[in-house]
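As you go down the protein sequences, you meet chains L and V in turn.
Just so you know, my numbering puts 330 at position 330 of the first sequence, and the rest follows in order with no gaps.
Just so you know, my numbering puts 16 at position 16 of the second sequence, and the rest follows in order with no gaps.
Just so you know, these hints were derived from the structure itself, not from any lab.
Think of the CB as a built atom: it goes at the ideal place given N, C-alpha and C, for glycine as much as any other residue.
Keep in mind that the hints are not guaranteed to be accurate.
Below, a list of computed lysine to aspartate or glutamate pairs in the DMTMM-like style, where the Cα atoms sit at most 25 Å apart [claimed, not checked]:
#: 1; chain 1: V; residue 1: Lys144; chain 2: V; residue 2: Glu226
#: 2; chain 1: V; residue 1: Lys125; chain 2: L; residue 2: Asp73
#: 3; chain 1: V; residue 1: Lys162; chain 2: V; residue 2: Glu30
#: 4; chain 1: L; residue 1: Lys72; chain 2: V; residue 2: Glu221
#: 5; chain 1: L; residue 1: Lys310; chain 2: L; residue 2: Glu288
#: 6; chain 1: V; residue 1: Lys108; chain 2: V; residue 2: Glu84
#: 7; chain 1: V; residue 1: Lys144; chain 2: L; residue 2: Glu80
#: 8; chain 1: V; residue 1: Lys125; chain 2: L; residue 2: Asp186
#: 9; chain 1: V; residue 1: Lys144; chain 2: V; residue 2: Asp115
#: 10; chain 1: L; residue 1: Lys310; chain 2: L; residue 2: Asp186
#: 11; chain 1: L; residue 1: Lys72; chain 2: V; residue 2: Asp138
#: 12; chain 1: V; residue 1: Lys144; chain 2: L; residue 2: Asp77
#: 13; chain 1: V; residue 1: Lys144; chain 2: L; residue 2: Asp73
#: 14; chain 1: V; residue 1: Lys144; chain 2: L; residue 2: Asp85
Some chain L residues well away from chain V (every beta-carbon gap over 10 Å; in silico) [stated by the list, open to error]:
#: 15; residue: Arg29
#: 16; residue: Ala70
#: 17; residue: Leu126
#: 18; residue: Ser166
#: 19; residue: Ile315
#: 20; residue: Leu401
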Amino acid sequence: MKVKSNGGNRPRIVEWIDARLPVFTYLQREYGEFPMPRNVNYLWSLGAIASVFFAILMVTGIFLAMHYTAHKDLAFDSVERIMRDVNWGWLLRYMHMNGASFFFAAVYIHLLRGLYYGSYKAPRELLWIFGVVLLLCMMASAFLGYVLPWGQMSYWAATVITNLFSAIPLVGDMLVSWILGGYSVDNPTLTRFYALHYLMAFVIAAVIGLHVIALHIVRSNNPLGIEPKSADETVPFHPYLTAKDGFAIVVALIAFSLFTFFAPNMLGETVNYVPANPLQTPPHIVPEWYFWPFYAILRAVPNLWIIDAKLGGVIAMGASILVLFFVPWLDTSPVRSARFRPIYRGFFWVLIAAIVALGWAGSRPPEGAALWVAKAATLYYFAHFLVVLPLLGRREKTLPLPASISAAIKSGAA
Amino acid sequence: MRARRMIRPLAALMLAGVGLWLAPVRAAEEIELPRIKWSFSGPFDRFDRNAARRGFEVYTQACQFCHGLRFLSFNSLAALGFDESELSAIAAAREVLDGPNDDGDMFKRPARVSDRMPPPFANEKAARAANNGALPPDLSLMIKARNGGPDYVFGILTGYDKAPQGFAVAPGLNYNRVFPGHQIAMPRPLSAGAVTFTDGTPASVEQAAHDVVTFLAWASEPTLEERKRVGTRVLLFLLTFAALVFAIQQRLWARLH
Ligand code: HEM
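Construct all of the structure, not just a fragment, from the sequences and the given hints.
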């Protein structure tokens, strides 16, 4: 019997299925032969890494759901039972908790990779837009999930964040009680958040599908930001990228294991091991680290004319993500990669510094130095996208692009 | 270009902001915690069984009248090395509410090893009534639920002191160096010789505090040892696997040149 996965001699069962639904042909084309620029670096493995963390979240989440009880009097205890009494329950929960952090970390690096190498430029605009949609879905999902263990921070984060909607003029208060299913965070809020958290997982899965389909139409960019011109400038996805991504994934899993097994609560808030208490507000209400920059922007806006600080903060926080949708058109430079844009490169690192500064400010009470850092960094964040990108694109003197990827490899520049 | 000259100062400014990271949150209220070398804090460490068992004795003699351990069953203490007859004796010394019986009445009976540890008070109101209006929290997650964890709880238990000159302590509260605000509703729970250990260890306040914290750390996460053991194996596997995949990857890509 001949068993060969590629080429003509495939097992009959494979032929039979493939003639009716060409999954095997599809896999061979999209993950076997799919041409990848041969000069991609490890930053191009972060999409694969993010997918792995998403898979980990899905699998552990489904098992957690089998033991979790979405009721305000039982949720906290059911989570603690998972930790103590369910076989491997501690592992499921710690993987799910830290998996969310690593998912965000991977996606943030992935996104910044796109910003640095101009991967959002034509023809990859839609791919980028699906990416921003994914980011929004992840944020919603992480917020909903954080409420489920019904600890102090779960409860108060839910209260603070849902309360933001009350800033919307006229309908705000109505909207809040509609979202909460009552006048405060309570059992109806918990049960609907659970339903939606479970639902979001599948929404994200679907959007990842669209993201990857779009990627396979326009194909991967590369550190030079120029398209491959001939076949010898690309390598087939398998085995070259499967091996390279495989190595990157294992390294990411090592970092993930260090947290999950040896410091599983380091990224979390200790107060969330105190059961929710609607009568007692914790001294500092802070979200998980991956929301810190946005939380800083939310609280950085002062009262402006007729817009009060709360509404202004909500608008700014929303805009800080929405602005990403327009990046493909805000950046007017014809050159993709920051390698050939010396000035853009500088501004890129200022943006990174601003985001880190926002993260720092978001983890602290909004007063003193933290507030001023948040204000300055928020201004730069928006200026970067709304002023620097459009103006710089037209004025910057870029470095000469190499004639081709091979030429750059030969001259040692790739 | 002009823009280029602006980048450095801008970046420097932002990085200065990041530098503030190291500054404490509120310099005014930083409380120094004692730093203890715990038996369970390192990546391969286990709970010191003797200390944890003594810690359970501290709990039964000095804490259980006010604080529950609602996530623990008597059974689970077997992990600390108590044998079956010891566990039965420990359980039988406590009463739990059971029922209703065939007459429809609730009744009290001695606890069995399969029971969870009974709460010290019937409900929150009863707990507050007995404690000057304050609520003694359940201790089963205490070590995970406070910043500083074991060091913090050790600090609370050993932090009772005379209030400094001019510090007014409200009636019913006690001065404590470590508790936020320095006024705690819990009366000093440990004093020298207040507990007796069956293994004869002298029960200084520090010893009793150290042991009860070790016990509570175990109670907060009985799966800690399994977690580290599994983690070590997973890491060894992943490191080997990484080396293997890296070697394959290098050989594959070397063919390209
Ligand atoms: C659920 C989260 C996400 C997953 C699972 C995911 C997955 C992937 C995968 C597998 C790739 C191909 C490999 C690679 O280039 O890394 C990719 C490419 C890409 N993704 Fe994502 N992605 C996610 C979120 C995002 C976000 C938030 C953005 C940006 C807003 C984004 C923008 C892009 C772009 C521009 C590319 C093409 C990059 C290039 O070829 O240079 N993705 N994504």
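Here's how the hints hold up against the structure:
{"no.": "1", "hint": "Lys144(V) - Glu226(V)", "in the structure": "17 Å, holds"}
{"no.": "2", "hint": "Lys125(V) - Asp73(L)", "in the structure": "18 Å, holds"}
{"no.": "3", "hint": "Lys162(V) - Glu30(V)", "in the structure": "20 Å, holds"}
{"no.": "4", "hint": "Lys72(L) - Glu221(V)", "in the structure": "23 Å, holds"}
{"no.": "5", "hint": "Lys310(L) - Glu288(L)", "in the structure": "21 Å, holds"}
{"no.": "6", "hint": "Lys108(V) - Glu84(V)", "in the structure": "23 Å, holds"}
{"no.": "7", "hint": "Lys144(V) - Glu80(L)", "in the structure": "12 Å, holds"}
{"no.": "8", "hint": "Lys125(V) - Asp186(L)", "in the structure": "22 Å, holds"}
{"no.": "9", "hint": "Lys144(V) - Asp115(V)", "in the structure": "24 Å, holds"}
{"no.": "10", "hint": "Lys310(L) - Asp186(L)", "in the structure": "23 Å, holds"}
{"no.": "11", "hint": "Lys72(L) - Asp138(V)", "in the structure": "18 Å, holds"}
{"no.": "12", "hint": "Lys144(V) - Asp77(L)", "in the structure": "15 Å, holds"}
{"no.": "13", "hint": "Lys144(V) - Asp73(L)", "in the structure": "21 Å, holds"}
{"no.": "14", "hint": "Lys144(V) - Asp85(L)", "in the structure": "18 Å, holds"}
{"no.": "15", "hint": "Arg29", "in the structure": "21 Å, holds"}
{"no.": "16", "hint": "Ala70", "in the structure": "19 Å, holds"}
{"no.": "17", "hint": "Leu126", "in the structure": "31 Å, holds"}
{"no.": "18", "hint": "Ser166", "in the structure": "28 Å, holds"}
{"no.": "19", "hint": "Ile315", "in the structure": "23 Å, holds"}
{"no.": "20", "hint": "Leu401", "in the structure": "19 Å, holds"}
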